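Asks: So the chains spell out like this:
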Amino acid sequence: MNDRHILRAFDRDLEGIQAMVMRMGGMVETAIMEAAEALESRDEEQAEKVRLNDKAIDALEERVNEDAARLIALRAPTASDLRTVLTVMKISASLERVGDYAKNMAKRANVLGQMPAVPGAGGAIRRMARTVTDMLSHALDAYIQRDTQLAEDVRVRDREVDQMYNALFREFLTHMMEDPRNITACMHLHFIAKNLERMGDHATAIAEQVIYLVTGTLPDDDRPKVENVTTVGVGES
Amino acid sequence: MNDMSRTETGVNLTDIKIAARKVQVHYGANHAIKDVDVDINDRMVTAFIGPSGCGKSTFLRCLNRMNDTIPVCRVEGEIRLDGDDIYDRRVDPVQLRAKVGMVFQKPNPFPKSIYDNVAYGPRIHGLTRSRAELDEVVETSLRRAALWGEVKDRLAAPGTGLSGGQQQRLCIARAVATSPEVLLMDEPCSALDPIATAQVEELIDELRSRFAVVIVTHSMQQAARVSQNTAFFHLGNLVEFGETSQVFTNPKDPRTESYITGRIG
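Top to bottom, those sequences are chains A and B. Our numbering applies: residue 1 is where the first sequence begins, and numbers increase by one. Our numbering applies: residue 238 is where the second sequence begins, and numbers increase by one.
Hints are computed from structural coordinates only; laboratory data are not their basis. All of these numbers come straight from a predicted model, not from anything done at the bench. Ideal placement from N, C-alpha and C gives every residue a C-beta, glycine not left out. One thing to keep in mind: the hints can contain errors.
Unchecked claim - Residues from chain B shown here face chain A by an in silico Cβ test under 10 Å; the list is partial: (1) M457; (2) V484; (3) T493; (4) E494.
What the hints assert, rightly or not - Pairwise CB distance ranges, derived in the manner of DEER restraints: (5) A:G216 - B:A428: 49 to 57 Å; (6) B:E480 - A:K90: 36 to 44 Å; (7) A:I144 - B:A435: 37 to 45 Å; (8) B:E443 - A:E160: 53 to 61 Å; (9) A:F191 - B:T486: 33 to 41 Å; (10) A:T215 - B:N345: 43 to 51 Å; (11) B:G320 - A:I144: 50 to 58 Å; (12) B:T486 - A:A69: 53 to 61 Å; (13) B:E480 - A:N110: 54 to 62 Å.
As the list claims (entries may be wrong) - One side only, chain B facing chain A, incomplete, derived with CB under 10 Å: (14) Q261; (15) I497; (16) G499.
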């Protein structure tokens, strides 16, 4: 297949939308890492920055949707062009959600800054954030390179994030049982961990969109799942 | 709805009206159609798409032996209508064309009245025995072509006095008047404005409840809108043939992809 349309404006429109999604991706990755760092170093200013930057991410998502709607109306895309437009809309929606989770993490970082630190939590959260950011960046690379193998790797890696979340869940539970004064902080930390786990799901969804874009079909849902967390009882920890 | 997939239409997949096998067409030294196999399903619209000169119109004209009129044209292979070879020596091409009707790119009504345009086929084929019966055929055909309401009060007026879209529907009425089993349409909307095009497309969708319809079109969006199956021709080869929804969302051949997405083919 040829890369270029006969009508070059079509290529420019498609490239414009894809460039916006990539810019969103970069901004979201930064937001996650900065929010995690703000949490670990108790840096209120940085947390505030993450919260403010989220507006720009939301605005980009809106523009992606507007431009995609215009492209569908004016250019009537078919086949891989159609799949590209559909994929781009889904990816930008996922990125927007991930941005919201990062903003929420920044908000909670500010609250946690006013409380005694839970030992080890900041580092563990940052490691989890690093894994999620990696997944996201690989999913977007897979999109750019139309690389289904890389996308498949991202899907498999989601398991790591699930395991990290389950480990943190147990840890926070232990802290809360040891000293009820930890409950408020641990509840916030738990929400952060849960949100990071959700971000991993969104990275996986993006990877699945890449597979759809390249092959025309979504992968079957046969990813290995980690045991359901609700079965992790108090007695076991 | 014409966008239903083949499985959803509930039509038996083995309900094949025309089966073409290893069809070759030569125009003198030019090998115009190379080894084409296609099944045309009954009560479905099959669209032929492809760039100019790809052979789609040539192939369409094989289906009712319109190529017989071109001396340098040679058709090989097998085309069966309901299992019978249409190129058999015992087949009368005129009778065949009553069964396999055709509508052309430019509306070409006869310089006669609206009534006589539609009555022409039934008259020469002797399909009716009385004036009343002929009146009925004319009315039914005009109704099927969604034209009756617009012309019922002026059936004696010349067909050439109608608007372009009405003339094309008159030609469709003329084609369906002989009760064909298959309707071939060679770019039937390329001379029409968008509203007349939409009316003809709506008509095509209704006609497929009775006939197999084969349409050649340069408008890929039209193929996507009206057909259930799409065949993509390129340089005389049939590159891809499949369900329209599949061909337009996930074509298998890179040449099809290049063509329908508007890249250089």
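Asks: Kindly indicate which numbered hints from before are broken by the structure, ordering the numbers from low to high.
Replies: Violated hints (numbers, rising): 5, 6, 12, 14; every other hint is consistent with the structure.
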